[in-house]
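Here the protein sequences come in this chain order: A and B.
Under the UniProt record's numbering, the very last position in the first sequence is 580; numbers go up by exactly one each time.
Under the UniProt record's numbering, the very last position in the second sequence is 801; numbers go up by exactly one each time.
The set of hints was computed from the structure by calculation and includes no laboratory data.
Please read all numbers here as calculations on a predicted model, not as lab measurements.
All C-beta atoms in this analysis are idealised placements derived from N, C-alpha and C, irrespective of residue type, glycine included.
Among the hints, a few may not be true.
[Stated by the list, open to error] Partial pick of chain B residues on the chain A-facing surface, computed with a CB cut under 10 Å: (1) L218; (2) G640; (3) A642.
[As the list claims (entries may be wrong)] Cross-link-like lysine-lysine pairs, in silico, PhoX-like; alpha carbons within 25 Å at most: (4) B:K521 with A:K198; (5) B:K267 with A:K471; (6) A:K198 with B:K349; (7) B:K618 with B:K267; (8) B:K618 with A:K165; (9) B:K347 with A:K196; (10) A:K165 with A:K198; (11) B:K561 with A:K198; (12) A:K165 with B:K192; (13) A:K377 with B:K192; (14) B:K192 with A:K144; (15) B:K45 with A:K146; (16) B:K192 with A:K196; (17) A:K563 with A:K539; (18) B:K188 with A:K146; (19) B:K192 with A:K146; (20) A:K394 with A:K325; (21) A:K377 with B:K561; (22) B:K561 with B:K618; (23) B:K192 with A:K374; (24) A:K438 with B:K267.
[Unchecked claim] Pulled from the structure, derived: some chain B residues nowhere near chain A, Cβ distances all over 12 Å: (25) D226; (26) A276; (27) A480; (28) F524; (29) N641; (30) V732; (31) M785.
This is what each chain is made of:
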Amino acid sequence: MASKETCRQELRTAIRQLSDRCLYSASRWAAEQLVGIEQDPAKYTPSHTRFQRGSSSIRRRFRTDGAGDAAAAFNSTPVAGVSFISTPLASEEENDAVESDFYLLAKSYFDCREYRRAAHVLREQTSKKAVFLRCYALYLAGEKRKEEETMELEGPLGKSDAVNKELISLERELSGLRKCGTIDSFCLFLYGLVLKEKGNEGLARVVLVESVNNYPWNWSAWSELQSLCTTVEILNGLHLVNHWMKDFFLANAYQELRLHNESLAKYEYIQGTFSFSNYVQAQIAKAQYSLREFEQVEVIFEELLRNDPHRVEDMDMYSNVLYAKECFSALSYLAHRVFLTDKYRPESCCIIGNYYSLKGQHEKSVMYFRRALKLNKNYLSAWTLMGHEYVEMKNTPAAVDAYRRAVDINPCDYRAWYGLGQTYEMMGMPFYALHYFKKSVFLQPNDSRLWIAMAQCYKSEELHMPEEAIKCFKRAVNCNDREAIALHQLAKLHRELDRFEEAAFYYKKDLERMEAEEREGPNMVEALSFLARYCKDQKRFEEAEVYCTRLLDYTGPEKEEAKSLLRGIRSARDVELFPP
Amino acid sequence: MDDDQIMLDPSSNLGLFVRRCLLSFNLLPFEGVCHLLTNIGAYCKESFSSCPYELSHIEDCANEAESSMEYENMELESLVFDKVSKEFEAQKKANDSFAFHNHAPKAIIGFIEESDISSGSKVKEFDRLREGSSCIPSSSYSQRIIDPQVGSFLRTNWQIQGNLLDQADAIERHGSSFSLNAFESILKQLQKLAPELHRVHFLRYLNSLHHDDYPVALENLHRYFDYSAGTEGIDFGPPSSGCNSFGRYEVALLCLGMMHFHFGHPKQALEVLTEAVRVSQQHSDDACLAYTLAAICNLLSEVGISRMTGIIGSACSSVVNMRTSLSIQQQLFVLLRRSLKRAEGLKLKRLVASNHVAMAKFELTHVQRPLSYFGPKGPMKLRTCPINVCKELRLSSRLIHEFCDESSIMNTDGLLCTMWLKNLKKPIGSVIFSQENESRRNLDTFQFCSQPNSLPGSVVQLLGTSALVRATAWEIYGSASLARISTLAFAACFADSSSSADAALAYAKLIQHLAVFKGHKEAFAALKIAEEKFLCVSKSRVHLVKLQLLHERALHRGDLKFAQRICNEFGALASSVSGVDMELKTEASLRHARTLLAANQFNQAAAVTNSLFGMCYKYNMQVENATVLLLLAEIHKRSGNAALGIPYALASLSFCQSFNLDLLKASATLTLADLWLSLGSNHSKRALALLHSAFPMILGHGGLELSARAYITETKCYLADPSFSVSEDPEVVLEPLKRASEALELLEYHELAVEAFYFLAIVYDKLGYLEEREKAAALFKVHIMALENPEEKEDSLSTML
């Protein structure tokens with residue numbers, strides 16, 4: 001990775017260029033990363049660095065320092081970086097005054113969301129910047145109209161055939177520009193966007209790669225490119241020039257392709273430079289969440305909230321964690337905070353939905369999930385969570401519908417597939433449910449819960465396919481089954497099938513595990529009594545005696561059984577020692 | 001516009017339509033008007049740009065051609081306008097509570113009809129190609145096809161539903177003759193435009209099902225039922241138990257089971273259907289239960305194999321609820337009865353009828369044994385009952401009367417547009433048997449339009465199937481002419497609405513009939529017609545018939561290499577899984593044995609036949625066993641072990657008797673007579689008596705080959721009889737010999753022809769008719785030459801493969 005100072009310089013320039021072109025979310029992202037770069041300890045006094053890892057208030061203060069620093073840097077000319085691509089210089093931006101005046105006017109219109117007006121002002125301008133802004137404004141105008149039309153034509157939850165009417169003319173113009181070679185990387189990004197929307201994904205990928213190779217600091221281009229990389233093969237086939245932005249891209253792409261460990265490794269590497277970036281932290285939390293490391297996720301989010309108390313992004317994941325851990329108060333606190341920050345964000349609605357769900361008010365919760373979906377009908381987790389709510393309300397058809405929509409939006413959502421399977425299993429259709437469990441297991445083969453669910457299906461009374469169930473439970477055991485259901489079930493199934501050796505093996509394993517985790521319960525008794533009897537039958541009397549004596553600690557019929565077993569063992573031993 | 005300005009009868013169809021258009025226009029919100037305007041504007045822009053000289057010619061309409069073209073354009077334009085306004089009519093309609101589709105938000109769907117039409121036209125063109133003659137589309141129709149770019153037609157939800165139903169029908173009927181991708185792309189588009197039309201998923205499922213795309217079919221099936229909860233799709237007669245709040249997912253199970261069945265996964269199919277039974281019992285969905293039982297019956301009868309018992313024992317115990325010691329046939333019988341009873345109780349007429357048909361099919365080939373049958377001491381009644389079959393078939397065709405009676409109730413609601421759409425589609429629908437009666441067809445089209453047929457297509461289809469089963473029954477029982485009549489009745493009455501599989505079966509039956517009675521030449525001519533009509537993919541009926549014909553012909557002409565090649569081809573058609581495609585496998589090894597026999601490789605032929613007998617016995621195919629035994633007798637006869645052959649012939653006879661296979665019985669009697677004769681001339685009287693007992697059947701129903709063989713045997717009997725002298729009564733031998741030789745020449749059956757002409761020459765020689773003798777001898781020579789060099793007369797037929 002390039003040195004921190006280079007990154008900083010590059011980002012500073014990039015932010016200015018991006019916001020000059022009204023690519024606000026990209027410039028926001030860049031700015032976030034800029035302040036996320038760790039300060040060089042050599043440049044600053046040790047006291048500074050010591051405080052860097054200290055409390056948030058100190059860091060706040062430190063950050064304002066940094067921001068001021070950055071503002072100062074704005075005025076100086078950017079230094080050419082040592083990375084593969086040098087920082088683009090603002091060479092062509094100083095054209096004649098009239099042109100830049102028009103540009104300023106257009107930009108103000110743009111900022112006031114009057115896109116068509118902005119495009120009109122720039123209709124005669126030929127500078128690359130103006131061309132981009134005009135096209136971009138047209139594109140956004142088309143998008144806006146499309147949204148309105150969707151609303152006019154249909155209810156908000158359905159799809160519709162409204163299209164962005166500007167796409168065709170934009171494509172024509174941009175492809176012409178690209179052919180004669182007078183296209184800059186921003187227009188290339190826009191061209192890629194248009195192509196993607198028109199369904200020409202192959203060319204869109206090529207164009208976007210071109211764009212990010214020329215100008216790597218446009219995060220929007222990277223994320224568009226990422227959304228087009230649906231398989232690992234496509235990702236590996238991209239010809240990307242080395243740049244530190246590529247690491248961000250790869251980490252994100254790995255995450256979306258469910259290569260969570262790779263993604264985590266990449267983010268941790270990035271954190272070496274951008275150690276204070278909220279974005280990176282949130283992404284790490286996301287990866288940890290996918291790996292089901294809830295404890296860590298919670299820690300990360302707590303810190304994130306301390307640093308950035310008005311953050312709404314990604315907070316729905318935090319609420320999921322809190323929900324899973326049943327932290328009432330924390331979830332309620334979070335819900336109230338996001339409610340005050342921005343009530344009408346899909347994430348906020350989702351968090352509030354989770355809050356109500358945890359309180360057991362499922363109707364209200366569904367209402368909030370619906371609201372989230374109204375705000376963003378492709379909001380995946382809201383569909384899935386709504387499905388969960390419907391399951392709780394025993395409204396199976398609605399649950400199935402919600403899950404199915406989630407799956408249709410993203411067929412890789414293993415949670416929704418799992419939900420579908422669960423719903424059908426609830427309806428007493430285990431064989432039908434198997435199809436869905438298979439899907440979810442295929443997507444997330446390392447999740448023991450999915451394997452257990454599938455095994456339960458096979459084991460169910462109706463299907464009764466113990467061999468298949470055993471296979472699934474075995475997979476679950478290999479996937480670090482936290483609740484230790486699988487071992488117990490394996491032992492039980494083997495015992496039912498009269499395979500005592502295997503049963504004993506698994507009972508023993510289960511026993512060891514329970515001892516290690518210091519758990520007690522009926523499973524323990526069951527394992528002990530089986531093992532005692534099994535060892536006795538195998539004439540391993542000493543072992544049997546150990547199990548029996550342990551059984552004596554428990555009350556109930558097992559105690560009596562253990563006593564009689566002990567007696568039997570003794571007499572058997574006597575027979576062995578003194579054969580009649 | 002005021003009402004009195006409309007120059008239309010307000011109560012006429014068109015008037016009603018215009019009034020509704022006006023009404024819905026008035027109800028339009030401002031946005032709706034805007035969209036209407038933009039749509040019309042866009043349309044006008046496109047249509048004018050496609051016709052650039054239009055404006056310049058508006059002033060001077062001198063040119064006739066141009067003006068007529070213009071006129072057409074305008075007509076089209078107005079048509080589009082109508083459609084656009086109709087869309088809003090639909091919107092209004094959807095606002096009325098509309099049970100058909102209650103969870104769709106709004107009915108505005110811009111359905112690009114052009115693609116739909118082009119699909120229709122594709123089907124039509126396809127048909128047209130098959131037929132070699134066009135079926136005159138209406139002029140506006142052709143106009144639309146010519147100009148597919150112009151105008152996006154808008155349809156109501158309702159119409160699309162109707163159209164989709166039609167398409168589903170068509171897919172099920174024509175199977176894989178639908179183009180997969182073309183239809184798929186239309187469906188995708190439709191889905192994009194109208195996401196709440198879940199039936200599209202079902203059609204995609206059907207489409208991929210009929211193109212054997214398992215993963216896609218599975219995916220779409222699940223998707224469809226996830227969205228629709230089983231409450232939308234399949235129309236189960238009266239929704240008796242109704243849609244409870246749980247949805248009707250048992251229907252999904254039923255469909256999934258049938259899909260697995262289609263793809264040849266009997267085990268999964270049975271699992272799923274068992275689950276369907278359980279779920280529908282739980283939700284007390286009796287109709288679905290009845291259908292599921294029927295599906296299980298179907299499964300069992302199709303895949304009725306001994307290995308199923310293992311599955312049944314474990315999984316189906318809840319369904320069958322009886323001792324597993326029962327054979328699969330008995331289980332099937334019990335299930336059929338149960339399903340029939342349930343269907344009758346629920347008054348599901350179609351199901352009752354189809355159950356009757358299934359029952360008839362079952363009784364056709366299965367011996368009914370008492371259910372509690374232990375060992376040989378139990379009461380044995382090894383007979384099939386033709387009467388029962390007839391009864392079942394009659395019961396099944398009673399359905400049509402019931403539907404006729406309630407036709408008045410069937411479509412009371414003015415499904416005007418749907419009917420209209422259907423009528424529009426009718427002429428391009430199933431054009432299968434229409435070549436012969438093209439003129440009648442066009443007439444029919446008009447009748448359809450004026451007087452919509454009240455019988456649902458599925459009913460007619462079912463009746464057609466029952467007619468075909470009847471034909472099969474006659475075929476098995478040995479009445480060729482009655483079989484032919486039944487088949488012809490099917491072709492005349494039900495061909496239009498039957499599935500293409502059924503129609504192909506009917507064709508196959510007719511062709512076979514031709515081959516047996518009129519010789520190969522005519523049969524091949526008919527086959528050519530059939531091949532043009534039906535897609536000749538592997539395993540299709542037409543393909544099978546072709547192979548059969550080619551094989552028979554090769555055997556007759558002594559072209560054994562070719563015959564063997566076809567045998568191999570047959571064997572390759574059958575699936576390699578044991579217990580599947582049993583009919584094909586039996587036929588393949590039967591033909592193999594016959595080829596070996598023709599090559600005089602008796603040991604091998606006997607070995608093949610013996611193993612075939614074992615297989616038939618194992619899978620309980622008694623009817624086939626009769627044929628196999630007869631073949632064994634034939635092999636022994638040809639190898640010169642007449643004494644060994646007689647028991648086989650007798651066994652075959654007794655089988656034929658118990659299964660009422662009259663024609664086969666006659667043929668077995670003929671073989672028996674042959675066998676007796678070859679034991680020595682002192683048995684000739686007995687042989688002759690046997691032969692004469694079989695003669696009525698043979699002459700009445702037997703084909704050319706059988707009667708020729710009978711004639712030759714008769715002659716041989718007479719000639720072998722020492723008390724018979726030729727010169728006293730020459731006609732007794734000459735007449736049959738002449739007839740036999742005629743028939744054999746038609747069949748090109750060289751081997752037997754040689755024999756016939758040999759006898760003929762000898763008889764003429766004895767009588768002293770030298771000229772005739774020479775003629776017979778010359779023909780004898782021709783045939784024997786042909787027999788020795790079969791490859792010489794290579795012709796186009798052997799390249800047909």
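Hints and how they fare:
no., hint, in the structure
1, L218, "holds (7 Å)"
2, G640, "violated (56 Å)"
3, A642, "violated (56 Å)"
4, B:K521 with A:K198, "violated (59 Å)"
5, B:K267 with A:K471, "holds (20 Å)"
6, A:K198 with B:K349, "violated (51 Å)"
7, B:K618 with B:K267, "holds (20 Å)"
8, B:K618 with A:K165, "violated (69 Å)"
9, B:K347 with A:K196, "violated (55 Å)"
10, A:K165 with A:K198, "holds (11 Å)"
11, B:K561 with A:K198, "violated (60 Å)"
12, A:K165 with B:K192, "holds (17 Å)"
13, A:K377 with B:K192, "holds (15 Å)"
14, B:K192 with A:K144, "holds (20 Å)"
15, B:K45 with A:K146, "holds (21 Å)"
16, B:K192 with A:K196, "holds (17 Å)"
17, A:K563 with A:K539, "holds (17 Å)"
18, B:K188 with A:K146, "holds (21 Å)"
19, B:K192 with A:K146, "holds (15 Å)"
20, A:K394 with A:K325, "holds (23 Å)"
21, A:K377 with B:K561, "violated (68 Å)"
22, B:K561 with B:K618, "violated (31 Å)"
23, B:K192 with A:K374, "holds (19 Å)"
24, A:K438 with B:K267, "holds (18 Å)"
25, D226, "violated (4 Å)"
26, A276, "violated (9 Å)"
27, A480, "holds (47 Å)"
28, F524, "holds (48 Å)"
29, N641, "holds (52 Å)"
30, V732, "holds (71 Å)"
31, M785, "holds (66 Å)"
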